[in-house]
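Given chain F, work out where chain E should sit, using these hints.
Letter by letter, the chains look like this.
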Amino acid sequence: MNGTMGAEVASTLDRLLADHASTDRLLDAAASEAPDSTLLAALDEVGLTELAVPEKMGGLGLDLDQLCLVGWVGGRRLMPTLSRLKMTLVGPLVTNGPSGEPPAGARWGCGFPAIGSAPADGGPAEVWIEEGASVALVVGERSSRVVDLGRADSVVEPEPGVDPGQGRSRLSFDPDASTVLAGADHARIVDRSRVLVLAELSGVADRVTEVSVDYARQRSQFGRPLAAFQAIQHKLADMRAGCELIRSAVSRLAWLEEPRPELTASLAAATVSVARQVAEDAIQVHGGMGFAWEYGIHLYYRRCLALQQQLGGAESLRRFVGHSIVARRKTQ
Amino acid sequence: MQAPFSSIVPGSVLPPTLGVESELQDLRLDLRQWLEKNDPGPQPFEYEARMAALTRWQRQIHGAGFIGLSWPTEFGGAGMGLAAEAVLCQELAATSMPQLINRLALYTWGPTILSRGTPAQKARFLPGMLDASEMWCQGFSEPDAGSDLAAVRTRAQVSGDVLVVDGQKVWTSRAELSKWNALLVRTDPEGARHSGLSVLIVDMGSPGVTVRPLLQMLGEPHFSEVFFDGVEVPLENVLGGLGNGWDVSMEAMAYERGLFVLERTTGLRRRLADLVDRLDALGKIDGALASLGVLVSKLDLLDAQVFRTLGHQENGTLVPGSSSVDKLFLADVYQEIFATAFDHLSDEGLDEGWIHDLLESRSVSIYSGTSEIQRNVIARQLLGL
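Just so you know, the protein sequences line up as chains F and E, in that order. All residue numbers for the first sequence refer to the working numbering, where the first residue is 1149 and numbers rise by one. All residue numbers for the second sequence refer to the working numbering, where the first residue is 1491 and numbers rise by one.
There may be inaccurate statements among the hints.
Unchecked claim - Distance condition first, Cα-Cα at most 25 Å in a straight line; then the derived PhoX-like pairs of lysine-lysine:
(1) Lys1527/E / Lys1478/F
(2) Lys1612/E / Lys1669/E
(3) Lys1478/F / Lys1774/E
To be verified - Ranges of calculated distance between the beta carbons of each label pair, as one might list FRET restraints:
(4) Arg1852/E / Gly1371/F: 34 to 42 Å
(5) Trp1524/E / Gly1271/F: 28 to 36 Å
(6) Phe1377/F / Ala1682/E: 21 to 29 Å
(7) Phe1439/F / Gly1569/E: 30 to 38 Å
(8) Arg1643/E / Phe1370/F: 57 to 65 Å
(9) Asp1362/F / His1684/E: 28 to 36 Å
(10) Gly1309/F / Phe1535/E: 25 to 33 Å
None of these hints come from the bench; they were simulated from the model. On a predicted model such as this, the values are computed, not experimentally measured, just so you know. Glycine is no exception: its CB is placed at the ideal position from the N, C-alpha and C atoms.
So here's chain F without its partners, still in its complex pose:
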């Protein structure tokens, strides 16, 4: 795969998000609890959905490390969650499915399983949906369901949660009326989608740390910049250390020759806490501004919390990883 393709896409994405996803626009979406449809449409046009689709299926076939770069930029610019799901799940799974339908045309919603969650049984699912979506992909560990949202028994109830404006909803549907997608690559695609969540966390953490360092240099109290106080320097140093650790986790997973879902789970468990601490420290370094709606630091914190939930929640992840080591010891 062309090693510069990911960098080109990431660069395009970065410019597009800089233009279309300003803090004001992100705050508007959060306040209205509705995804920014103009932004989503612009992102669709960039072709995010094709990035993770293999070349032989007509996609761009980016390697995982290249996808991580795209995800990292998405994190820095707080890309809509639905766009990440289209890139990591809708594109690869739908194109791989029995019908081989390209996802273009229809507007898709998407939901996916938390790490260590029970297999999907066709019950209500958490999904991310935009206005006008006609179909939703409910992803499970080994198979997925395509749900027609036009049916009377498909019911979507908004549940904005901690990171509003992303279209998070609860979808009830009739499993018998849905189409099942299953393929050999299912587990790999799901694992990759989780690595991309960590890449996004890396971007969020890096960006909020940069913003905090800049603020600490500019803001003066007691006649000197905040950045001159060792108490602040050490907090910023801890934030930067956290950023390095998260990046190392992504780097480790991105270069594995074969997916290792247990390692993904373990690094996810560690990373969600590190990222959350970084975002909390960012609020603290900003003082009152960190707590202000219009300054938008809370958006990074909200995203960290939401991504933590999407991966399975910190405590569940810890218990899952704990279970794994106990099981390993007992079989040795």
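Quick look at chain E alone, frame taken from chain F:
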């Protein structure tokens, strides 16, 4: 974008050359087989017996050809990459003695001598590091120069073809076991703080060297005060040139992060496995699952960090200051493991080994640069503050 992609791409920062996954499968299997067959059993608790056992163990591993895997073959190494050392660390973790006693030599001063030493120094000092026949210690800290390392006052004056050393070092680990001391001294009393320093390789058997063991909080003579009274050191034992001591020391400290940290994590993996077994035997595993999950995930994260550092070291792209993250996080993980064990095991599951390791863990955020110094370095070098 604010930085060139080459410096920010999450994937490309770990060169795929650190192929610990499959490229070194033969080495891994050889090692595993050998270690299983030769595992010396639990290490003695008593300090001197433990040191002796660990010395024998490194010598034995060396005899089997597994020490110095990344060193050049002309100096007794195997000429492989750093990834091979990582495999050794990972496999050692499954043994009863997951440590290499001469690690300060193997992972810090050996690489520094390989980088900065003269041909004669390489020939003289490297072989004894590998088979643990010559142990190394490091003379940095002084009574008035701890975190403020550049304040060292131990002097060395050139006199003919020797340097004459006078002064005192403190907290020198394993001084009593060591043949060589990598000693940071002031060779130019007029020089500014960082510029008048040199690193000397000092024979601990020289006349005028006095070692006075200090009991640390475990009651063990792990480190010592070392006094130098007119000690003569040949000029050819200056490492990296007179006046370059600060640079040489900082290079040594940078080596200390990669493999040294990885070596420490292997011991932690072993202890974590012990903790799982012990909690299981006590019927306490269910209540500890989340805590165990935290420890496993943090160890995996520390490994990921070290692999990235090693990848950069191998490629010569390590950003100055970045390995302070390794040391800072090592201390965090190290201390949390033993504190968690103490909390969960309670009286019935705690033996003297666990208590020893909990107390000892408090040293990790102090030795070779306190956690506060690491934060200063990160703030200065990575954030430009």
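Results of checking the hints against the structure:
no.	hint	result
1	Lys1527/E / Lys1478/F	22 Å, holds
2	Lys1612/E / Lys1669/E	16 Å, holds
3	Lys1478/F / Lys1774/E	15 Å, holds
4	Arg1852/E / Gly1371/F: 34 to 42 Å	38 Å, holds
5	Trp1524/E / Gly1271/F: 28 to 36 Å	52 Å, violated
6	Phe1377/F / Ala1682/E: 21 to 29 Å	27 Å, holds
7	Phe1439/F / Gly1569/E: 30 to 38 Å	57 Å, violated
8	Arg1643/E / Phe1370/F: 57 to 65 Å	35 Å, violated
9	Asp1362/F / His1684/E: 28 to 36 Å	30 Å, holds
10	Gly1309/F / Phe1535/E: 25 to 33 Å	53 Å, violated
Violated hints, listed in ascending order, are 5, 7, 8 and 10; each of the other numbered hints is respected by the structure.
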